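Chemist: Sequence:
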Amino acid sequence: MAAPVFTLGSPRNGTTWLSNIVGSHPAVSAIRHEAHWGAHESKLYANWSFWNDFQSTDDFIQFAEVYASADYFRISSVESPYFADEPPGDFLEFYLDLMDKHARCNGTPYWTTKLDPLLYSHPGLLRTFLNVVTSRYDNIRFVAVKRDLEAVLRSYVHMQGRSRQNRGRAGIREAAMALQTARHVFHYSIVNSMLADHGGLLLQFADLQEHRADATAQICDYLNLDWTDSLLEDEFPPNSSFRGRSRARSIPQWELQTCHRLLRPIFSTFPSLAYLLLRLRALLRSGTGPTLYWRLLKLDRMPERFREELRSAGNVGLLDVLFSTNRE
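Here the sequence shown is numbered in this note's numbering, starting from -19 and rising by one per residue.
Since the hints were derived computationally from the structure, they do not count as laboratory data.
Incorrect hints may appear among the rest.
Restraint ranges, calculated between C-beta atoms of paired labels, are given here [what the hints assert, rightly or not]: (1) 294 - 230: 43 to 49 Å; (2) 214 - 86: 17 to 23 Å; (3) 248 - 179: 23 to 29 Å; (4) 86 - 114: 20 to 26 Å; (5) 151 - 32: 35 to 41 Å; (6) 274 - 237: 24 to 30 Å; (7) 35 - 194: 46 to 52 Å; (8) 194 - 89: 48 to 54 Å; (9) 65 - 103: 30 to 36 Å; (10) 65 - 155: 29 to 35 Å; (11) 32 - 248: 28 to 34 Å; (12) 32 - 89: 38 to 44 Å; (13) 220 - 36: 40 to 46 Å.
Just so you know, these numbers come straight off a predicted model, no measurement behind them.
The C-beta atom is built at its ideal place from N, Cα and C for all residues, glycine as well.
Full structure from sequences and hints, please.
Modeler: Below, the structure is given as C-alpha cells:
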C-alpha cells in the first residue's frame, strides 16, 4: 500500500506550493490541476463532518454520484467511485481508499495531499484522524512549511476574492490581521506538535524561495527518494495574492508591529485565546453542507458563465490562468 505524505501549515504560508513540489516527484501521486493552482484541497474537515456516517447503501450511492461529478474525483486516476468491495463507513474511509487507489493506478509508493487546517482547531476530530491514519499506514509522512508572520499578513490582506476589498479598509483590516495572527500562532502550535510526535519535516518558506535545491533535497532524504530535476520546475503558477491585476496596498507599519510584538506573544502565551477566536469565527461562518468544486465542469460546459463568476468574485489570478488570451 502506498504511504501518504500530508503537507501541513497555516493558510498563506506556501502550503499549495509545497504540495505542488512534493506532488511533482514521479514517485508521488497527487490530485492536481491548473483550475486549483495545482494541488486540489481535499476539504477533509467539511466533507468528513457532513458525510460522517453512510448508514445505508443508498446513503453511499447518493454521496458517490455527487462526489464523482466534482473536480477532486474527476482529476484522480480512478474511473468509478464504486471501487471498494464494501461501501465505506464514512467520508474519511472513502477518501483514504480513493487516494490508495489513485496511487495504485499511477504505480507510486506515495500519495500526497494538504491536510485541511480546519482540523487543527477541532482537536477531537484531529485525534480521530491521526488514530485512523497511523493505524492504517506504516510509513506515514508529514512535511510542513512556515512563512514569516509579516509576509503572511501582507498576503492575507491582499488575498484575492470578494473579501479583498473589505480587508483593505481601516478597522476591518486590523481585525483581519489579528485573526490571521491568531491562526498563525495556533496552527503552528498544532503543526509543531504533530511533527514532533510523528518525526515530520519542517521547511521555511524563505528556504524554498532562496535555496530550493537544498530544501527539496531535504524532502527527498526524508521520503527516501532520489532527487529529480522536476522538483525545481513549477508546473503551475503560484497561488499568489499579488498575481494578475491585483495591486499591493500599503499596510501601516504600526499595524504589522502590533501583530508581531503584541498579539503574537499574547496568543503564544495564551493559545486558548487564539483557539477561542478561531472557533468563534468558524461558528459565524459555518455552513451546512460539504465543500466541493465543479470548476472543470464549468470550463467544459459553461465557460462564459464561469468567466463572469470568477470576475465578479474578484478571482483575477485564476481568471488570468484559465482564460488568458494564449489559451483562447
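Chemist: Each hint needs a verdict: does it hold in this structure or not?
Modeler: Hints, verified against the model:
Look at residue 294 against residue 230: about 19 Å separates their beta carbons, and that is not inside 43 to 49 Å. Residue 214 and residue 86 have their C-beta atoms about 21 Å apart, which keeps the hinted 17 to 23 Å range intact. Judged by the Cβ atoms, the range 23 to 29 Å given for residue 248 and residue 179 holds: they are separated by roughly 24 Å. The hinted range of 20 to 26 Å is satisfied by residue 86 and residue 114, whose Cβ atoms lie roughly 24 Å apart.
The hinted range of 35 to 41 Å is satisfied by residue 151 and residue 32, whose Cβ atoms lie roughly 38 Å apart. Evaluation of the 24 to 30 Å hint for residue 274 and residue 237 yields a failure: the beta carbon distance comes to about 43 Å. Our hint of 46 to 52 Å for residue 35 and residue 194 holds, since their Cβ atoms are close to 50 Å apart. Range check, residue 194 to residue 89: Cβ separation about 23 Å, and the 48 to 54 Å hint is violated.
A hinted range of 30 to 36 Å holds for the C-beta pair residue 65 and residue 103, which are about 33 Å apart. Against the hinted window of 29 to 35 Å, the Cβ-Cβ separation of residue 65 and residue 155 comes to about 51 Å, which falls outside the hint. At roughly 33 Å, the beta carbons of residue 32 and residue 248 sit within the given window of 28 to 34 Å. Remark: the range hint 38 to 44 Å for residue 32 to residue 89 is contradicted by a beta-carbon distance near 30 Å.
Between residue 220 and residue 36 the Cβ separation comes to about 45 Å, which falls inside the hinted range of 40 to 46 Å.
Comparing the model with each numbered hint stated earlier shows that hints 1, 6, 8, 10 and 12 do not hold.
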